[in-house]
Amino acid sequence: MTTVTNGVNVQALLDAREVLKGAPEAAQFTWRASAKWQSGVHSTIKVQSFFGLGQEQSHKEESVFEADHPEVFAAEDGGITPIEYLLVGLASCLTAGVASVAENRGIQLRSVESTVEGAHDIRGILGADSDVRNGYNDIKVTFTIDADASKEDIEALVAQSQKRSAVFDALTNPTNVTVEVA
Amino acid sequence: MPDARAPKSTGGQAIERTITVVIGAGHAGLAASHFLTGRSIDHVVLERGEVANSWRRERWDSLRLLTPNWQSRLPGLRYEGPDPDGYMTVGEVTEFIERFATASRAPVRTGTNVTSVRRTDDGYHVTTTRGEIRCRAVVIASGACNQPSVPQFRDAVPASVEQLTPFDYRDPAKLPDGGVLVVGASATGVQLAAELQRSGRPVTLSVGEHVRLPRTYRGRDVLWWMDASGLWDQRYDEVDDLTRARRLPSPQLAGTPERTTLDLNALASIGVELAGRWAAVRDGRALFSGGLRNVFSLADLKLGRLLDSFDEWARTRGCDAAVDPPERFAPTRVPESTRLQLDLRSGEIRAIVWATGFRPDYGWLDVPVVDAKGQLRHEGGVVDSPGLYALGLPVLRRRKSTFIYGIEDDAREVIDHLARYLAVRRRS
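Chains A and B, in that order, give the protein sequences. Mapped onto our numbering, the consecutive letters of the first sequence carry residue numbers 1 to 182. Mapped onto our numbering, the consecutive letters of the second sequence carry residue numbers 1 to 428.
It is worth saying that the hints were derived from the structure and are not from the lab. Some hints here could point you the wrong way.
As the list claims (entries may be wrong) - Here are the simulated EDC-like cross-link-like pairs (lysine to aspartate or glutamate), alpha carbons at most 16 Å apart as the crow flies:
#, chain 1, residue 1, chain 2, residue 2
1, A, K163, B, E209
2, B, K302, A, E152
3, B, K373, B, D361
4, A, K21, B, D308
5, B, K302, A, D153
6, B, K302, A, E155
7, A, K151, B, D308
8, A, K21, B, D241
9, A, K151, B, D300
10, A, K46, A, E62
11, A, K163, B, D300
12, A, K140, A, D121
13, A, K140, B, D371
14, A, K46, A, E61
15, B, K302, B, D240
Said to hold, decoys possible - On the chain B side, residues computed to face chain A include the following (Cβ under 10 Å):
#, residue
16, E238
17, A279
18, L287
19, G290
20, R293
21, S297
22, G304
23, R305
Said to hold, decoys possible - Each pair of labels, with its calculated beta carbon distance range:
#, chain 1, residue 1, chain 2, residue 2, range
24, A, V177, B, E379, 35 to 45 Å
25, A, V19, B, L242, 12 to 22 Å
26, B, R293, A, E25, 31 to 41 Å
27, A, D15, B, N146, 31 to 41 Å
28, A, S58, B, D168, 45 to 55 Å
29, A, S111, B, R119, 51 to 61 Å
30, A, G52, B, R345, 33 to 43 Å
31, B, D171, A, S111, 25 to 35 Å
32, A, T5, B, E379, 30 to 40 Å
Note that the structure is predicted; figures quoted are calculated from it, not measured. Where a beta carbon is used, it is the ideal one built from N, C-alpha and C, also for glycine.
Can you build the whole structure from these sequences, using the hints too?
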């Protein structure tokens, strides 16, 4: 296998997989975000700490996200809409997966670009039609990948990246969600 | 065959002694017996029911072997009937295994259920419903499919929906009229989905990761290619991801006289509705994954790679002329819309068939060799306890281990190891 440099430390991931096979408790992570209402439908979300490998962890820096609605929703547009954040998560997760799988399979990537489109019927959230769901009806991701690999190998990269994607799973499978008032 | 040493007595019951106990008189246990006899190793084969018991009692009526007749062979026994390209019925398989038991004069004790195996200083103590046996070595050949494996959320299915496993299923007539949800797209799942759909019951098939195969490729049975190209001989220690290979669902194949392919496109064309992997039950509704397209892609891409490897093999072996030209199959058709949920209380579905796989039962094995997932810890059938062996598990020593035809090489090598173990112990 020729050495590829996609910049993913696959060996560390493979080592972690072996270690965590025998230590499932260390594999339990909790991701966190905290949100604060600003005004209107605008809120600010901060992400920094998380729990994993048996202890509290922290990103190097705090990330701050603004969420709002666009002007066509009669809002100030102080940030992207919450449902767009799902697209951000999906695109970044699948892209990370493509890079990791490529590294593991010895495929040199030159460029990986994707567009994500979510089809959303807003009559659901407006309560205009109770038969329409609130969330996306369909999400479509289109990858354009330039790499030293055949079309089939590139398709296999993308398929494997979906198979191992946390966000793809979270969007395609039901998840228990508990919302409480503290 | 009890040996001449004086039996010990405990509580009035004699403890029998032999060198090796084989548990299970299916094809695997009988193959072990064949090679033990060949090496004159004293042994008994203990069988809870009759020879080929699970073929008699735990299979549905229409099932046929996935391997063609010419490929259905056991040590010293091969198919000699008029239809080498056909597939044995359950009755024929039972008879074939019985014939093997007779031909190899296997010392089988039927109606003898093993309730415990534990270690002693120099071997194992086997407790059965018909007495106690002490031995130096044990071969576990009790099968990989002792219990249907069904997800926990089966408990949340409303009582109005009948639930069956492949062990309960015999033929469509036993099911209520109306819709059926078949869960799982292995060989079992696709075969039952087709049979139920043809019986007039609308079938929804919940599809997770699966193995797509055509029945024939370039004019030959696809299992001929597996065998001839050497893929089936790939050893367990050469397989990239052995855990995954051992957990792989059975390929979407059926053994029909017409030798037709039974993939998801074939099912869709007779009206079976395809849904994603069944993920949960919430408020009486089955919730399916929206990732159906990707499981199609994974299976289609994997099939393409397999056929590429067959073509490559045919080319390098110079046998392109002996087979038909290469062919490629249409991708699995994605339905225009797939449902993400199904109301189990609506009456649309009257029965659920769980084709979600099987697991072995080692509840009787009082030796700490079973992992957290309930699988035996072994290296190519050599279990992690001296003198303990296994046969007849998926990819035990090679990819073909899963099939009846794969047992001969496995059994020979495992019994070789067992014989060496006995010889070394004797000398020391």
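Hint-by-hint comparison with the structure:
1. A:K163 / B:E209: Holds, at roughly 10 Å.
2. B:K302 / A:E152: 10 Å, holds
3. B:K373 / B:D361: 11 Å, holds
4. A:K21 / B:D308: 34 Å, violated
5. B:K302 / A:D153: 10 Å, holds
6. B:K302 / A:E155: 11 Å, holds
7. A:K151 / B:D308: Roughly 14 Å separates the two Cα atoms, so the pair holds.
8. A:K21 / B:D241: 14 Å, holds
9. A:K151 / B:D300: 14 Å, holds
10. A:K46 / A:E62: Holds - the C-alpha atoms of E62 (chain A) and K46 (chain A) are around 7 Å apart, at most 16 Å.
11. A:K163 / B:D300: Between K163 (chain A) and D300 (chain B) the Cα gap is close to 14 Å, so the pair holds against 16 Å.
12. A:K140 / A:D121: The given pair, whose Cα atoms are some 15 Å apart, holds under the 16 Å limit.
13. A:K140 / B:D371: 40 Å, violated
14. A:K46 / A:E61: 10 Å, holds
15. B:K302 / B:D240: 14 Å, holds
16. E238: 17 Å, violated
17. A279: Holds, because the Cβ-Cβ distance from A279 (chain B) to chain A comes to roughly 4 Å (cut-off 10 Å).
18. L287: 5 Å, holds
19. G290: With a minimum Cβ separation of about 4 Å from chain A (threshold 10 Å), the hint on G290 (chain B) holds.
20. R293: 9 Å, holds
21. S297: It holds, given that the least Cβ distance between S297 (chain B) and chain A is near 4 Å, below 10 Å.
22. G304: Cβ of G304 (chain B) sits 6 Å from chain A, so the hint holds.
23. R305: 7 Å, holds
24. A:V177 / B:E379: 35 to 45 Å: 44 Å, holds
25. A:V19 / B:L242: 12 to 22 Å: For L242 (chain B) against V19 (chain A), whose Cβ atoms are near 18 Å apart, the range 12 to 22 Å holds.
26. B:R293 / A:E25: 31 to 41 Å: 35 Å, holds
27. A:D15 / B:N146: 31 to 41 Å: 35 Å, holds
28. A:S58 / B:D168: 45 to 55 Å: 53 Å, holds
29. A:S111 / B:R119: 51 to 61 Å: 60 Å, holds
30. A:G52 / B:R345: 33 to 43 Å: 40 Å, holds
31. B:D171 / A:S111: 25 to 35 Å: 56 Å, violated
32. A:T5 / B:E379: 30 to 40 Å: 36 Å, holds
In summary, the numbered hints that this structure violates are 4, 13, 16 and 31.
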